[in-house]
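Visitor: Using the working numbering, you'd call the opening residue of the sequence shown number 57 and step up by one each time.
One should not assume that every hint holds.
As the list claims (entries may be wrong) - Result set (BS3-like, lysine-lysine): computed pairs, CA atoms no more than 27 Å apart in a straight line:
#, residue 1, residue 2
1, K652, K692
2, K365, K481
3, K515, K429
4, K429, K520
5, K692, K680
6, K269, K258
7, K694, K365
8, K429, K310
9, K122, K311
10, K520, K623
11, K258, K311
No wet-lab data here; the hints were simulated from the structure.
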Amino acid sequence: MRKFKTESKKLLDLMINSIYTNREIFLRELISNASDAIDKLYFKSLTDSTVALNQDDLAIRISVDKDARTLTVSDNGIGMTAEELERNLGTIAHSGSEEFKAENAEAQGDAVDIIGRFGVGFYSAFMVAKEVTVVTRAYATGQTYRWTSDGVEGYTIEEVPATDPAYKFESGTDVILTLKDDTDDVSYDEYLSEWQLKDLIKRYSNYVRYPVKMMVTKSRQKPKPEDAGDDYQPEYESYEELETINSMTPIWKKKASEVTDEEYHEFYKSTFHDYTDPVRTFSLHAEGALEYDALMFIPGRAPFDLYSKDYEKGLELYSSNVLIMEKCADLLPDYYNFVRGVVDSADVHLNISRETLQQTRQLTAMAKRIEKKITSELERMRDDDREAYEKFFENFGRGIKYGIYQSYGMKAAELGDLLLFWSAKNEKMVTLAEYAAAMPEGQKAIYFAAGDDRDRLSKMPVVKSVLDRGYDVLLCTQDVDEFCFQAMREYVFTPVVEADAGAEGAEAEGETPAEPEEKRLELKNVASGDLDLATEDEKKAAEEAAKANEGLFSAMKDALGEGAVTKVTVSARLTAADDAPACITAEGPVSLEMEKVLNAGPMPEGVKSQRVLELNAQHPVFAKLQAAQEGEDADKLKLYTELLYDQALLMEGIDVPDPVAFAQNVCKLMA
């Protein structure tokens with residue numbers, strides 16, 4: 057026996073027990089090695105006219121012997137000589153495939169796709185095998201050799217005589233794994249299961265370029281006997297048939313013109329286990345310093361766990377058609393976590409186990425290109441298929457809003473134009489650009505109202521007051537909306553200038569048409585402090601009424617108790633007798649809706665906005681308050697004040713502090 061050196065033994069133990077996190081990938085590694093061996097022989101046939109080769113005969117075979125507990129991976133590729141066995145399998149981390157790629161880098165072309173790189177994939181077999189035997193015959197030689205090792209002490213290499221049943225008459229390699237005995241924790245018998253092997257092949261090696269064949273058990277109906285009576289029941293029998301398990305040709309490497317929508321949809325549903333068709337399918341093919349193919353889908357529905365902490369984002373990552381990672385999170389930003397798809401590149405830098413990526417400039421560049429592609433496709437869907445886009449946004453818009461908030465507004469320029477909100481004026485979903493384009497002359501802000509119900513928001517006094525002045529209000533009903541707007545702070549709008557005859561004439565004369573002027577629009581909550589929408593006369597009237605009723609407002613503030621409101625004042629937004637008698641607004645950074653959202657979370661202490669009770673001086677109720685104050689009827693003033701305050705809270709969708717007291721006050725008023 058040829059023993060591994062001490063250092064080699066340590067390295068081998070490290071590879072078997074530490075490098076790989078998932079033992080089932082051993083089959084992926086062995087199939088990849090077999091594919092490389094066939095590719096080498098195919099390349100030889102392209103460069104050596106004496107090599108006669110029928111490409112249709114090239115294949116990888118998986119065989120199982122349950123009695124002997126062996127699993128065999130066979131190929132009819134280039135094979136190995138005794139010297140190559142010694143160099144490739146006796147030397148840890150020596151990659152014959154990588155060596156081949158380096159020697160033939162310029163001549164390979166697209167016809168050959170060598171997968172191997174590190175020279176360690178073969179040793180993953182020892183994660184499941186107590187002994188590995190390699191029987192191989194190099195092309196155009198007359199010798200067959202057997203390499204055997206238990207992966208512990210060393211290995212043996214011997215020539216196989218022609219009388220041995222294992223003797224090979226054609227070039228190729230058989231890798232025979234004698235599986236470990238089952239333990240209480242691990243069942244190695246599963247790798248003798250036809251179903252499990254088929255699943256592993258389809259999952260990891262479905263797009264290896266050569267057919268991976270295996271004998272599978274099938275069932276068929278027996279012929280009906282000639283003398284069978286009318287009560288004959290069909291009988292079935294089992295039989296075995298050699299079947300190609302893998303698909304070989306990746307759909308993402310086909311031209312779009314060669315693939316139908318139905319084929320894309322079927323691939324999506326079978327690969328990502330969804331029962332609905334994707335709403336959008338698009339591909340990306342990059343060439344140059346970093347080459348890769350990507351096929352991506354926007355789902356037609358949101359998975360049930362999309363917004364849970366257990367949800368894992370990511371695209372399937374392939375390298376040379378071999379699955380490396382089922383979910384590569386580094387290729388997608390969080391706000392596009394709903395995108396499904398595959399990326400295939402032979403140029404990505406993998407770690408030695410081929411299970412994770414190394415962080416490199418190439419990876420960053422790939423992720424940025426994919427992000428831009430997703431953004432452009434969403435913009436195209438928004439402009440070309442509005443109905444589909446609105447459905448998409450209903451499913452996934454929350455994540456895009458959260459992306460703006462999470463980035464502290466840094467992603468507002470890229471994501472802001474993807475947002476949709478309900479227009480109270482037009483009663484439909486609009487983008488921020490559409491809102492801005494429809495603004496009346498002189499409007500300097502985008503107005504919005506935040507709450508949990510669109511119908512209730514549309515009836516709020518603060519919303520109606522803005523609508524009555526001719527300005528639209530966006531009704532925001534998701535808890536992240538206001539946080540998103542606070543992170544954005546403003547929306548930069550560039551009007552689209554329609555071409556006219558004058559502009560065309562100026563352009564014809566060589567003059568540069570004037571660029572449309574950029575507008576920076578502040579995002580304002582209609583329930584916040586001063587919106588500055590009142591006329592000078594309305595402002596003056598409110599100031600005079602507030603000054604004349606300072607005593608009334610002080611008494612009302614005292615009646616509500618300490619901390620209920622920061623002040624009571626006359627409203628400049630409620631100016632008509634048919635408007636609400638009062639409304640609640642908020643000063644400072646915390647709005648009324650933010651107060652509700654934050655207090656619904658795990659906050660250590662309650663969050664409270666700086667509430668302001670604004671009174672409508674034109675409403676008949678205001679005169680009742682003045683009369684109670686002038687008549688020094690403190691009990692009546694307290695009753696009216698509490699009712700007005702509770703009423704204003706209810707209109708804002710905020711629970712009253714004491715429902716029992718509110719009910720009692722209503723009864724007092726009715727008595």
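Visitor: If a hint holds in the structure, say so; if it does not, say that too.
Guide: Comparing the hints with the structure gives:
{"no.": "1", "hint": "K652 <-> K692", "result": "violated (31 Å)"}
{"no.": "2", "hint": "K365 <-> K481", "result": "violated (37 Å)"}
{"no.": "3", "hint": "K515 <-> K429", "result": "violated (41 Å)"}
{"no.": "4", "hint": "K429 <-> K520", "result": "violated (41 Å)"}
{"no.": "5", "hint": "K692 <-> K680", "result": "holds (10 Å)"}
{"no.": "6", "hint": "K269 <-> K258", "result": "holds (12 Å)"}
{"no.": "7", "hint": "K694 <-> K365", "result": "violated (48 Å)"}
{"no.": "8", "hint": "K429 <-> K310", "result": "holds (19 Å)"}
{"no.": "9", "hint": "K122 <-> K311", "result": "violated (43 Å)"}
{"no.": "10", "hint": "K520 <-> K623", "result": "holds (23 Å)"}
{"no.": "11", "hint": "K258 <-> K311", "result": "holds (22 Å)"}
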